[in-house]
Every structure is written in structure tokens, then in C-alpha cells.
Amino acid sequence: MQKLFLAVDRLSTFVGRAFAWSIVLLTLLVSWEVFSRYVLNHPHPWALDAQIMLYGILFMMAGAYTLAHQGHVRGDILYSGFSPRGQAAVDLVLFVLFYLPGVLALTWAGWTYANESLAIRENTFSPDPLPLYPFKFVIPIAGALLLLQGVVEILRCVVCLLDGAWPPRQKDVEEIDVEELKAMVREDGEAEVKP
Amino acid sequence: MRKEMAFGFGLMAAILLLIAVFTPWSELNNGHIGMIMLALIVVAMMMGFPSAFTLMGMGVLFTWYAYHSVDPGTAVQQTLDLAVQRTYGVMTSDVLIAVPLFLFMGYLVERANLIKKLFHAIHIATSRIPGSLAVATLVTCAIFATATGIVGAVVTLMGLLALPAMLRAGYDTKLSSGVIAAGGTLGILIPPSIMLIVYGATAGESVVRLYAGAFFPGLLLAGLYIVYVIIVAKLKPHWAPRLSDAGRRVQLPAHLERLAARHSRFALPALLRAVVAPDADVPRRLAARELLLAALPALVFVFVMGLAWNALTQPQEIHDTSGLVEMGFDSGTATPDRIDENVGPGISEPPEEAAAPAIAEPPPLEALPALAEPPALETPPAEASPQALSEPPPLESPPALAEPPVDDTHALQPPPLETLEDAAAEADATARTPAPAAFWETLAIGFAALAVLYFFLSFPRLVVFRMLLTSFFPLAVMILGVLGSIVFGLATPSEAAAIGALGGFILAAVYLAMDQPREVRRRYWPIWLVLWAVFLSSIVWFVLYKAQITRHPVPHVLGWISMSAFLLWAVLACWHAKLIPMLRESVFLTAKTSTMVCWLFVGASIYSAAFSLLGGHQVVEEWVLSLNMTPIQFLILTQLIIFLLGWPLEWTEIIVIFMPIFVPLLPHFGIDPLFFGILVALNLQTSFLSPPMAPSAFYLKGVAPPNVTLAQIFLGSMPFLGIVIVAMAMLYIWPEIALWLPAKLYN
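Each protein sequence line maps, in turn, to chains A and B.
The opening residue of the first sequence carries number 14 in my numbering; numbering runs sequentially from there.
The opening residue of the second sequence carries number 761 in my numbering; numbering runs sequentially from there.
Treat the hints as calculated values from the structure; they're not laboratory data.
One thing to keep in mind: the hints can contain errors.
The calculated lysine-lysine pairs, modelled on DSBU-like cross-linking and capped at a C-alpha distance of 30 Å, are [unchecked claim]: (1) B:Lys1504 <-> B:Lys934; (2) B:Lys1338 <-> A:Lys184; (3) B:Lys1338 <-> A:Lys195; (4) B:Lys1504 <-> B:Lys1306; (5) B:Lys1461 <-> A:Lys195; (6) A:Lys195 <-> B:Lys1306; (7) B:Lys1504 <-> B:Lys1461; (8) B:Lys877 <-> B:Lys1504; (9) B:Lys877 <-> B:Lys934; (10) B:Lys763 <-> B:Lys1461; (11) A:Lys195 <-> B:Lys1504; (12) B:Lys994 <-> B:Lys934; (13) B:Lys1306 <-> A:Lys184; (14) B:Lys994 <-> B:Lys1306; (15) B:Lys877 <-> B:Lys1306; (16) A:Lys16 <-> A:Lys195; (17) B:Lys1306 <-> B:Lys996; (18) B:Lys763 <-> B:Lys934.
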């Protein structure tokens, strides 16, 4: 069971991280277009479409990754006070009640939506059109990944309800890594402010 | 913990009770269901399930219910269509695209490892002010939080850096922790901030105008914080004791010590003499370097004024340019934002078809950066020139000042944009227009300021200046560059954010390189310089072209070579300065945080669609209008609701759920959505500070010494909460604080 959880986590993480690099591409693309448009006076009509696609792909494909590492914001006021069993019970009910309908709808409808776009070989509305249907296929793919990760999260809740403790997760980069920030501040004492 | 739980359960029970009491159970219609849904979302969110999916799930279920009540046959299909179209709408939002870019910039700057230098420099620079450590903390927080926008990181870092320093200096625990908790949250208010993008996307308000509007209120709040700290330090010196003289003295490097001893306390003449007549102690190279540093403000001023003079006195160009500024504003800034109104989740009914991403065409060529000329173009040339010229031109200005005029004889051509007018322009493009009086006045004031500056520039101050130059100015220039290009309509927020992210990368590369030993650095330094020279060549060319000193636009070949040089440098820098781990972390964190924000938008977008399908908006509207409130009552009510919601919820959730409900009501009361947005942004500062859910306080508690209790941090934040409310009142009494700049720029 645990192996399955971690394997799915790893898949979500791998996909999410791979697409996370599109932020670098996005930065370079926007900067390049700025340079080209302003300095060289040579704009590209397709650049804005490509930028928007990169942004859309970035956050859609990282959805499961963020879920696997509990990066989605949650109301902490009661949750943090519950015992693990209580947390798992709440999560289990709400995963089934809220998560599954939403994500299923997204995956299912996204699939037809993207296929409709594929059928007409839809392009962006621009003098330099880009194909739009691959971008629309991102919706069902991201939905399927979320669904897979969601099933694993549901199973985790069940395991936690049985064991009374959350199954372990993999480590990931944290926004507030106190140890790392400490190292950043204390690395060398030379600039320490003396009272 | 117990107290928070009791509070949470109490709130939930209260809401459920309100539902039970106020719902007319016998004659239930869809509008009532909508209201129940609105109340339930607060309850559901407090349960602790990820908010994005809570919103999405409730949205889908209630959408299905709404469609089902009309036509059961097609309800499922319609629900599915709506969900996917709303998602696609968020995926193609050209406002939200700036969110990951700004986040990326923030994470890169955060990891550039400059906060320590920044705090130290600002501390030394402010050491004469009462409560100097607290003031320095506030200033550092404000700047760093503005540049990174990541509240948690700023509070944590300052908790590690400034809190121990303040406690060691004998500062009051409550004051010290309040300063950090409040200062760190400034980052979500002072633009460029993510919160204003999120508000803009939700409320369908232009992000550009929001940035322009939030600038002065942000400064106002930071200023009020600082004033409060200074007053406290004056009134209760034992809360913020003065630093000992030893703590305030600036350590001079040996060569400066010697120069200071030998010559006067005036740094500039002493350095000049040291360069002209060097001696064994202080080699000429060293002195020259210091002199260059000291002369930097004057050089920059002269350079900028030279460019301005050149631009102002271009013959023939004046009237065209002022017209073009207007056009640039229309196309460059307003268009993308207007289009967004179709895309953003804040609209009241679900769209038939999600807006295609391609609508926003790139701004036309006219929107070029150089068109933002200084104002007062219409002012008739005044007689001021001779007298202003006779101002004593202090110091080393002549060489730089002479530069622009020398080259201008062959630069009188207007840019190729106005091809039709070329002939006319060349016909009488012989004499320069005299510069307007305002220019000479600015010049005179600037020189006077420089004279005062150099009069007070002693050697210790020169050292402080150098410290600020290596920590404060890069960040300040970056922030002002990003913000300025957005506010003046030169770039869209996403363009400015991308350049800002590159700037963050450059900062990180340079600072991490500086941390390496000198021998290591020396190995790759020449390569960096060459690549940068190649890159800057086309930028310099471009500036010269825009200033009409040369009439040849930048050749494409050179542009490509420059871009390749920059890319090569970026790759090499990753390797030389060992940037890969930092870059990896920033990339992954950017992905996670933007995913969090954007999925919240997906959920909220579906949710608000369900709300309006159920007719919730009409119910709210009828109810609010039936209360017969005055605008001020309405404002107070909404702000109070937002303030109270800030206790259990986070700002992202409050904005994406409640702004779509409040903003449509604003026209009834004649309230500007821009003004409302700034009030909300101020108000949400409190959501970080007000117990029981105060992220700022918890971050600080996480790194504070054990003897600092959470209660002390909360108590310490209270005065700052009060100041936020004072600032909101000031903003209400003088709305010009927010509205003046947008009105000046865009009307």
C-alpha cells in the first residue's frame, strides 16, 4: 500500500516538477518578446498566445504535485487541532463529497471539450495562429492526474483512520524552511549587527 | 489550541444557527439556496479541506442543482460544460499570467541572500533616529517584502535576523515582535504585489490602475508604522533604548581612515586631492575608485538631466510625442485589462464560450517606451535659461553635461514611426526648441540638493552610502523599475514581472558570486564582463536611438547577438555561481504557489458561477438595497465583514469568494471599485495579524526565542492593527491618496 502511495506521489511530483520549468521558459519568452518588440521593433503576434499557454500548462499540470505535497491552502483553524483520526475523517468525507465530483467533472468534460477542439483542428485567433487543441488536452490530463492523486489521498485517509497516524510522505522544497533560512542569516557572523 | 477550536466551532455554530433562523424554510427558492451556499462555504472552509477543491466541489454540486431546477434533462451536461469553461477561462487569463512571474521574481530575490546586508546597511544609515533598530527593521521589511511579496519568508527571516538584535539591544519584546509581524505583511499591499493582481482579476479592475492607486497608501501605511515606532521610542525610551556610541560608529577601512585624518571631513575634496596628489599610503587607483563612488549621485543626475534636456529640446517632435503618450496608454495598458473582464471569474453570469486567448493583440508599435516624456510640454519656453545656467555648476559636472549636445547636430531626425511627417520634419529641423522653465527649475533644485549632499558627505557617510549601494539600491531600482514601467504604461504587468524575474536572477547571480572567494571569482569575471558588454551594447544603442542621438535603429543582427550573449551568460552564471540548487527550489516553489493561487481561482470561478446561477446576487442586492444604507455605512459594513473574515480565513480565500459579491454592489453606492480595492488591500493586512489565525504571528513564533510567547506577539501587533484602521480612515477622508495618481496618469 505504502509503495503504491509513494509511487503515485512520485509520478505527480515528476510531472509537476517537469512542467514547473515552464516558468523559466515563460520568463525567457516574455523577456525575449519585450526585447524584440521594444528594442528591435519586431513584435511577434503569436508570442502572447504562447505565453498564456505556458502559464496555463504550468499551474494545471502542477495541480497534482501541489496536492501530493499538501501545498493547497486550507483553513487551518480547526483542522490543526484535530487528532490525525479526526483529520482523516474530515478529509475522507470532503474528498468524496467535494473533490471527486469537481475533478471528475473536469476530467470528463475536459476530454469532450478537447476532442471537439481537435475535431476542428482549432487554432488561436491571431495572424500567426498556433494550434489550440493540445492546450485544451491539458485539462483532461491534469484532471486525470488529480483524480489519481485524489484516490491515493482517499486511501491515505482510510489508512490513517485504521492506524491512527498519517502515512509518511516524501519531503519537498518548503517555502519556509527554517533551517535553510537560518543558514542564510547566520552563515558567517561578519555582518551581524552588534547592539 | 483549545481556544481557537472553541472559537472556530462557535463561529460555525453561529453561522449554521443563522441559516436555520433566517431561511424561510416553507417557501424556499433558488436565491435562498444561494445564500445558504454562501454561508456554508465559510463553514466548509473552516473544516480544513483544501479551499480550492471545497469551492470547486460546492460549485459543481450547486451548479447542477441550479440547472436541475430549470431542466433536469440537460443539467449534467450543462454543469460539465460550465466547469470546464470556467477552468479554461482561468487558464487563459492574461491578468493571472503575471502571478507566477511575480512569484518567481520573489523567490529568486529571496534566495539572493541579501537581506542581511540590507538590514545592516539600513540599520547603520538610520542609527541616529530614535528606535533606530525598529525603524531599520520596518524599512527592511517593507523593501524586502515588496520585492519578494512572500510574507512568510520575510517574517521568518526578520525573526531570525532582527528579533535577536532588537532583544539584545534591550528593546521591548512586544514592540520588537509587532514591528516584524506588521512590517512583513506590507509586501502584499505595496505594489507590485500579488494581492492586487488577484483583486484585479476577481473584480475586473485594471491591475495597472490598482498599482498606481496602491502606491501612496502603501507608503502611507509604512510611514505611519515608522512614525509610531519613533513616537514610542521618544515617549518610552526603555522600550527602545538608544544604541551605545560604539554600536553606532561606522568602521572605516584603513585607507579612508588615513584620508580622513589627513584631509578635511569633506569626503569629496579630500578624495579629489588624494587622486591628484597620491601618496604611498593611499594609491591613486584606490582613491579614484572611492572618488567615482562619491561622485556617482552627481553623475547619475547629470546623465538623466542630459537625456531629459535632449528629449525636451528636440525640434518638431514635441506635439507628436505628447499625442503618442496618450495612444501608448490606451493600447499598452487599458486594452489587456478590459479584455480580461470577459475572462476573469468575477463576472456575474457564466460565459457562453470561454474567451479565446488570442484577443489581446500585442500593443501597436506606437506604444514604445521612450514616449513617456516629462510633463509640461505645452509650457511656453520661459526666460529662465540664462539665470539657471548661472547657478554655480558645482563639482565635476561639465564633461557629462556636454555630452548630449555635442552629438546632436546629426540627430535631428524624428523616429521612423512618423514616416509621413519625415519630410516636414527635415525641412525645418535645424534649431532646438528651448527647454521649458520647469526643466531649469528641476536642474537648479537638483544641483542645490547635490551641493547639500556633498557638504554633508563625510567619510563615514561615504561608507554607509557604499553599503546602501550594494544592498538597498539594487532592490529599490528593481522595484521602481518594475513598478514604474507598469504604472507609466511602458509594459504590461506580465512583461514587467518577467523582466523583474530576470532582474532577480541577475541579483542572485551577482550576490552569490560575491560570496565566493576572490580567486574563484577572478577566474570567470572577465567572461562575464565580455558577455555583459555585448549584451549592453544593443541596450545602449537603443537608448541612444530613443534619445535621437543616433538615427539608426538597433540592427537585428546585433540584437540577436546580444540576446545570445545574455542567454550564454545566464547559463554560465548558473554553473559559475552554483545557482542550480537555488534555481531549482525557486522553480518548484513558484509552481506550487502559483498552482495554489490559480486552482483557487478555478474553484472560485465555478463557485461564483453557481452563486449567480442560483440568483444569489439578486438576493444580496435586494437585501442590501432594502437596508437603505448610505455609502459610508455600506463601506463600513463590507470592511467589517472582511475584517471579521480575516480571523478564520486567508486573504486569497476572502478575495476570490467575497469580491464577486461585493463589487457588483459598488455602483449602487457610487463607490469606485479601485478605491474599494485599495481599502480591501489595507484591510487584509489585518488578516495576517488578527488572532486566532494570524499567519504572521505564527511564522514569527516559529523562529522566535522560547521566552517570546504568542500572546506577546499578538499584543505587540495590536497597535499596528490600530494603525491599519487609522490608515483606512485617512484613506476614506482623503481618497486622493489613492485616486490622485491613477487620475493624473490615466485620465
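* Asked: For which of the previously enumerated hints does the structure constitute a violation, in increasing order of number?
  -> When the structure is compared with the hints, numbers 1, 6, 7, 8, 11, 13, 14, 15, 16, 17 turn out to be violated.
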